[in-house]
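Asks: The primary structure of each chain is shown beneath.
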Amino acid sequence: MREQAMQLNTNPLQRIPGVAVMLVLLCVVFSLMTPGFLTMPNISNVLVQSTILLMLALPMTLIIMTEGLDLSMGAVLTLTSLIVAIVALATGSMVMGLLAALAVGTVFGVANGWLVAVVGIPPFVATLGTLGMAQGLSLIVSDGQSVVGMPAAVRGVYSGTLAGVPLPIILALGSYLAFHGLLYHTRFGTYIFALGGNREALKFAGISARGLLILVYALGGAMVGLAGLLMTARMNSGHPTAGLGLEFDAIAAVAVGGTSFERGNGWLLGTLLGVVTVGVLRNGLNLLALPSSIQVASVGLLVIAALFVDGLRSRS
Amino acid sequence: MTQLAQSKAAEPIVRAPPLFELRGISKEFPGVKALDDVSFSVWPGEVHMLLGENGAGKSSLMKVLCGAYRADSGSFHYNGETVEITSPADARKLGIAVIFQEFSLVPYLDIAQNIFLGREPAGRVPGTIDRKKILADARRVLDSIGFDIDPAIQIEKLGVAQQQMVEIAKAISQNARILVMDEPTAALSDRETELLFALIARLKADGVAIIYISHRMAEVFSLGDRITVLRDGRRIDEVKPGAVSSDDLVRMMVGRSVDMSYPRTFAEAPGKVMLEVKGLASASGITGIDLVVRQGEIVGLCGLVGSGRTEVVRAIFGADKATAGQILFNGQEKSGGPDEAARLGLALIPESRKAEGLALIRSVGDNLIVSALRKIFPRGLFDHGKSRQVANDLVRQLRIATPSDKQAVGLLSGGNQQKVVIGKWLAAGAKLFIFDEPTRGIDVGAKAEIFALIDRLVADGAAALMISSEQSEICHVCDRAYVMRDGQIAGELARHELSEENIVKLGMQHA
Numbered sequence: 327m328r329e330q331a332m333q334l335n336t337n338p339l340q341r342i343p344g345v346a347v348m349l350v351l352l353c354v355v356f357s358l359m360t361p362g363f364l365t366m367p368n369i370s371n372v373l374v375q376s377t378i379l380l381m382l383a384l385p386m387t388l389i390i391m392t393e394g395l396d397l398s399m400g401a402v403l404t405l406t407s408l409i410v411a412i413v414a415l416a417t418g419s420m421v422m423g424l425l426a427a428l429a430v431g432t433v434f435g436v437a438n439g440w441l442v443a444v445v446g447i448p449p450f451v452a453t454l455g456t457l458g459m460a461q462g463l464s465l466i467v468s469d470g471q472s473v474v475g476m477p478a479a480v481r482g483v484y485s486g487t488l489a490g491v492p493l494p495i496i497l498a499l500g501s502y503l504a505f506h507g508l509l510y511h512t513r514f515g516t517y518i519f520a521l522g523g524n525r526e527a528l529k530f531a532g533i534s535a536r537g538l539l540i541l542v543y544a545l546g547g548a549m550v551g552l553a554g555l556l557m558t559a560r561m562n563s564g565h566p567t568a569g570l571g572l573e574f575d576a577i578a579a580v581a582v583g584g585t586s587f588e589r590g591n592g593w594l595l596g597t598l599l600g601v602v603t604v605g606v607l608r609n610g611l612n613l614l615a616l617p618s619s620i621q622v623a624s625v626g627l628l629v630i631a632a633l634f635v636d637g638l639r640s641r642s
Numbered sequence: 077m078t079q080l081a082q083s084k085a086a087e088p089i090v091r092a093p094p095l096f097e098l099r100g101i102s103k104e105f106p107g108v109k110a111l112d113d114v115s116f117s118v119w120p121g122e123v124h125m126l127l128g129e130n131g132a133g134k135s136s137l138m139k140v141l142c143g144a145y146r147a148d149s150g151s152f153h154y155n156g157e158t159v160e161i162t163s164p165a166d167a168r169k170l171g172i173a174v175i176f177q178e179f180s181l182v183p184y185l186d187i188a189q190n191i192f193l194g195r196e197p198a199g200r201v202p203g204t205i206d207r208k209k210i211l212a213d214a215r216r217v218l219d220s221i222g223f224d225i226d227p228a229i230q231i232e233k234l235g236v237a238q239q240q241m242v243e244i245a246k247a248i249s250q251n252a253r254i255l256v257m258d259e260p261t262a263a264l265s266d267r268e269t270e271l272l273f274a275l276i277a278r279l280k281a282d283g284v285a286i287i288y289i290s291h292r293m294a295e296v297f298s299l300g301d302r303i304t305v306l307r308d309g310r311r312i313d314e315v316k317p318g319a320v321s322s323d324d325l326v327r328m329m330v331g332r333s334v335d336m337s338y339p340r341t342f343a344e345a346p347g348k349v350m351l352e353v354k355g356l357a358s359a360s361g362i363t364g365i366d367l368v369v370r371q372g373e374i375v376g377l378c379g380l381v382g383s384g385r386t387e388v389v390r391a392i393f394g395a396d397k398a399t400a401g402q403i404l405f406n407g408q409e410k411s412g413g414p415d416e417a418a419r420l421g422l423a424l425i426p427e428s429r430k431a432e433g434l435a436l437i438r439s440v441g442d443n444l445i446v447s448a449l450r451k452i453f454p455r456g457l458f459d460h461g462k463s464r465q466v467a468n469d470l471v472r473q474l475r476i477a478t479p480s481d482k483q484a485v486g487l488l489s490g491g492n493q494q495k496v497v498i499g500k501w502l503a504a505g506a507k508l509f510i511f512d513e514p515t516r517g518i519d520v521g522a523k524a525e526i527f528a529l530i531d532r533l534v535a536d537g538a539a540a541l542m543i544s545s546e547q548s549e550i551c552h553v554c555d556r557a558y559v560m561r562d563g564q565i566a567g568e569l570a571r572h573e574l575s576e577e578n579i580v581k582l583g584m585q586h587a
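Respectively, the protein sequence lines represent chains A and B.
Each residue of the first sequence is one higher than the last, beginning at 327 in the working numbering.
Each residue of the second sequence is one higher than the last, beginning at 77 in the working numbering.
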């Protein structure tokens, strides 16, 4: 019993198959079907395109681990992307744009956390409400028009490189490492496991679940602000539907990555793999010149397939 | 010790004052007096048993102790000094730790992180945890209670008994001097129970005071230094185990004399064979199971936890797929799954009523008729009047104590919930009732009622197969019993052979 337990514990690879098998399978299939898939520029392209999704999926993992959900991420991303564009256009400063976006994103995150933790509205409903508000605000601030004419510094965030590595990759990698450290090596991370796993235990330890929840959602909002900068940089403009439906991809990536919606069972590396899997899937279908409607359906299918495989494995 | 044991809590103490004492604690909720002038004390190195039926006030007292409830009146004394407990933090500071039945552990954190939840040693970078130190500290605590396990193992990977050890380690790490345990052996096997008792002896020797809540007479006598009996929120008496019999205690708990022999009308002649199992085996490890249940019989299925009892009834019911053998129900071969079993008239009443048997937030009426909808409304149209009539008939017939058929099942006592489960199957037309630990978590008075109900069912032409770890129940209630060992039937005991001694012998002996 004891040896078995230790073996399981020291071998997180046990949990990989669902998502990793899927990723490898997709890569094999796409490289056989399209000659352009397995090339350095395309691989780099997939990774760079996945960075925005990763920035949403990382905090989404923590939120889901608290048995919560943030449906507002896509809409808030649209809003923060527009804020970056508008502020950068007005001030000529990328940094000012970023700061404004971080502020707006954090406000939405705190609002989500407050509604969930203090008011006690179920996360699904609370964040559905803020989704609507962010969508409406996006239309108001942009007047339904794209915001164009970005300073070069904005564009540079997406196209620039550092020591040959694209800046978005560096930002994404930094974010991943920061979240990894946060989840696995800090008190805050420990308490996130407890928020979903056993909230009573936290209460008995004298720790306020409310404050923690607000912090988790606020962190999500801030990351959406950062992702807003990448989004604007990528399109070199602000667009009132830029982040449409990205919360779907983020939740899909988390689910594909093996994080459970119950009992605080989360896995950050799985989320990273999940994000790349979603990215590879969309890229491959793109190269095959399939319409985007097929892509959305495929991501849905991917989630079901991954959870199906996990379900089969946990049953045996 | 005699002196101490007999000194009433409110009287002046001659020797050292008790480590902890409650005097005249009362707690009232709208309409219910949960605790009424309860006094209670505990000395270091003592196990003080707290005994009472469900609803007697044990949980309320525990919640007052751990600071979850605030007492309306009364006082607390620690080493003779008056103290206040108004929050969980107060209780913790006094060294009071409660091990609830529902553990307060986080499944996907490891043992060390759980032991020190909220008290993690700080690492060099602010906000981080010193991983080396937390593991070393955890190991030291685990060693101190003699629990040899790697503190880096996730809670999720541990069994119930091991999780309980972690809970105890957690309490010890908080310098708990007063440990409150709520039915700690309820989910443990015999072997695990022995380990727990060894640990309790060790804690006693270290001077920890233990308040132990139990339903089991055997452990009350073997473990307790003193016994306090609660009933209806009041303290009935404090006694020493040597001075009373278990019948005395039961009388104090229920306030009336309960005949422990559970009246049973045994049929004069055996009825026709209802269930016949031949050479049954399943992937869960049971092999060569032969058994027979006749109409009008209650047949026991006993053996140690893990001997394969639950696996046998699951295979009979079709919840586990049989890999060999034959199941005949009323002479008809049964090969399908649970839906076929239910259609034929088999009812499986599992141990975890809450998880598998009932929709707790739905009403008594809804739960009673849910399995019988097709039978009551063959045309598929729901009729409220008729459904309430059927439900109310069952409530009356089974004597379910509920204000109305609209009450949520979750609000009923364990015994009445069990009756609702039985009623649900009865409505569906069940003929053979298979019970897995039908009286677990049910208090003494309700047990007698459940058995009276089962007795009426079988007298009316049904039959029952009953798993129970309480051997005295099997002996009192059953016509016959099969004893299991290592996935096989070790033997069958006829009515006149049924005794706890014979059951234990068959269950343990090596052929």
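Accuracy of the hints is not assured; some may be wrong.
Partner residues are not named here, just some residues of chain B that face chain A (Cβ under 10 Å, in silico) [said to hold, decoys possible]:
#1 G171
#2 V174
#3 Q177
#4 V201
#5 K208
#6 L211
#7 F297
#8 V320
#9 S322
Here are some chain A residues pointing at chain B (derived, C-beta under 10 Å) [claimed, not checked]:
#10 G500
#11 L503
#12 H506
#13 R513
#14 F514
#15 N591
#16 G592
#17 L595
Hints in this document: simulated from the structure, not taken from any laboratory.
We put the CB at the ideal spot given by N, CA and C, even for glycine.
Asks: All hints are to be evaluated individually against the structure, with a verdict given for each.
Replies: Hint by hint, here is what the structure shows:
The beta carbon of G171 (chain B) comes no nearer than 14 Å to any beta carbon in chain A, farther than 10 Å, and the hint placing it at the interface is violated. With its C-beta approaching chain A no nearer than about 9 Å, V174 (chain B) sits inside the 10 Å limit, and its interface hint holds. The interface hint given for Q177 (chain B) is broken, as the beta carbon of that residue sits about 12 Å from the closest beta carbon of chain A, more than 10 Å. Annotation: V201 (chain B) was flagged as interfacial toward chain A, and the flag holds, the nearest CB pair being 8 Å apart, inside 10 Å.
Proximity of K208 (chain B) to chain A is violated relative to the hint, the smallest CB-CB distance being about 12 Å (cut-off 10 Å). Interface hint status for L211 (chain B): violated, as the beta-carbon distance to the closest one in chain A is roughly 13 Å, over 10 Å. About 31 Å separates the beta-carbon of F297 (chain B) from the nearest beta-carbon of chain A, more than 10 Å, and the hint is not met. Below 10 Å, beta-carbon pairs count as interface contacts, and V320 (chain B) has none with chain A, the closest being about 35 Å; its hint is therefore violated.
Annotation: S322 (chain B) was flagged as interfacial toward chain A, and the flag is violated, the nearest CB pair being 34 Å apart, outside 10 Å. Because the beta carbon of G500 (chain A) sits about 16 Å from the nearest beta carbon in chain B, more than 10 Å, this interface hint is broken. Against a cut-off of 10 Å between C-beta atoms, the interface hint on L503 (chain A) is violated, since the closest Cβ of chain B lies about 13 Å away. With a least beta-carbon distance of about 12 Å to chain B, the hint placing H506 (chain A) at the interface is violated under the 10 Å criterion.
With a least beta-carbon distance of about 5 Å to chain B, the hint placing R513 (chain A) at the interface is held under the 10 Å criterion. Contact between F514 (chain A) and chain B, as hinted, is supported at the beta carbon level, the nearest pair being about 6 Å apart and thus within 10 Å. Nearest Cβ of chain B to the Cβ of N591 (chain A): about 5 Å, under the 10 Å cut. The hint holds. Interface restraint check for G592 (chain A): the shortest CB-CB distance to chain B comes to about 7 Å, inside 10 Å, so the restraint holds.
The interface hint given for L595 (chain A) is broken, as the beta carbon of that residue sits about 14 Å from the closest beta carbon of chain B, more than 10 Å.
Hint violations for this structure: numbers 1, 3, 5, 6, 7, 8, 9, 10, 11, 12 and 17, all remaining hints satisfied.
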